[in-house]
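From first to last, the protein sequence lines are chains A and B.
Residue numbering for the first sequence follows our numbering, starting at 1 and increasing by one per position.
Residue numbering for the second sequence follows our numbering, starting at 1 and increasing by one per position.
Check each hint, because a few of them may be wrong.
What the hints assert, rightly or not - Cβ-to-Cβ under 7 Å is the rule here; a few derived chain A residues that face chain B: (1) R80; (2) L115; (3) V119.
Claimed, not checked - Each pair of labels, with its calculated beta carbon distance range: (4) B/P7 <-> A/G99: 37 to 45 Å; (5) A/V98 <-> B/D32: 23 to 31 Å; (6) B/H31 <-> A/A20: 29 to 37 Å; (7) B/E65 <-> A/A20: 15 to 23 Å; (8) B/Y66 <-> A/A20: 19 to 27 Å; (9) A/G105 <-> B/E65: 34 to 42 Å.
Hint data in this document are derived by calculation from the structure and do not stem from the laboratory.
Cβ atoms here follow ideal geometry from the backbone N, Cα and C, with glycine treated the same way.
Protein chains: 2
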Amino acid sequence: PTRDVSPLDPAVAARLKRDAAGLVAAVVQQHDTGEVLMLGWMDDEALRRTLTEGRVTYWSRSRREYWRKGDTSGHVQHVRSVALDCDGDALLVRVDQVGAACHTGDRTCFDAGDLAAAVANPDGSSGDP
Amino acid sequence: PTRDVSPLDPAVAARLKRDAAGLVAAVVQQHDTGEVLMLGWMDDEALRRTLTEGRVTYWSRSRREYWRKGDTSGHVQHVRSVALDCDGDALLVRVDQVGAACHTGDRTCFDAGDLAAAVANPDGSSGDP
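The following block holds chain A by itself, in its conformation from the complex (with noise of 0.2 Å):
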């Protein structure tokens, strides 16, 4: 890093609980539905941008480079909130998603993925799945 680069806001920075490749999670919830969009991964970098550009920023794990959603797509996440949670390792980041969050062209990434799941019944005991 070189004194070029804004930093991240050391009091910030000292409140993350990174991974071993230095990422937090980051949890997209859209603002107003509460409809969560899609999970993604931050580093310091991807946070500060996400907090100082209005715009929302990951680290792609696969691509290994930083990725500011609907720069490609046209799918831009708008930021209105960002917190972080507890012990550090990770953030909800409440947004205004234009079109789809998903790839697929889902509106959210879980769209299509519902598992079989026993559900709790009415008086609160488990079922039968």
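Please build the complex by placing chain B on the supplied structure of chain A, with the hints as guidance.
Quick look at chain B alone, frame taken from chain A:
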């Protein structure tokens, strides 16, 4: 692993993209209000238990043990649905949360963590921090 332990459905296991520690991230959301409550971690066995017991079980990275939410605190999470994301590295678990989700006593683990962020202007352009 022995044959005595019922394994995770192989069709589900085949879709998981685990990290180096064998884990996927689990975003936990209150099913009716849409609140994002917390982020936890699951290995195959934690997911199997979550899908079959009607209660959410995590793998604790710090304690290196399974942890069924609410067994100690009473703050039980009753499973309503579980979905896997498009690339298999994140789960969305919708629950009915009893009491506080956060060990601090806050309703969610993100309640105390707001970071200063530039937000989008109404016209969609980025604003000042």
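Evaluation of the provided hints:
The restraint placing A/R80 at the interface with chain B holds, with a minimum CB-CB distance near 6 Å, inside the 7 Å limit. Interface restraint check for A/L115: the shortest CB-CB distance to chain B comes to about 5 Å, inside 7 Å, so the restraint holds. Here the hint on A/V119 is kept, as its CB sits about 6 Å from the closest CB of chain B, short of 7 Å. Between B/P7 and A/G99 the Cβ separation comes to about 39 Å, which falls inside the hinted range of 37 to 45 Å.
Range check, A/V98 to B/D32: about 27 Å between beta-carbon atoms, so the 23 to 31 Å window is met. As the Cβ distance of B/H31 to A/A20 is approximately 33 Å, the hint placing it in 29 to 37 Å holds. Range check, B/E65 to A/A20: Cβ separation about 20 Å, and the 15 to 23 Å hint holds. In this structure, B/Y66 and A/A20 meet the distance hint of 19 to 27 Å, their C-beta atoms being roughly 22 Å apart.
Between A/G105 and B/E65 the Cβ separation comes to about 40 Å, which falls inside the hinted range of 34 to 42 Å.
The structure fails none of the hints (numbered hints given earlier).
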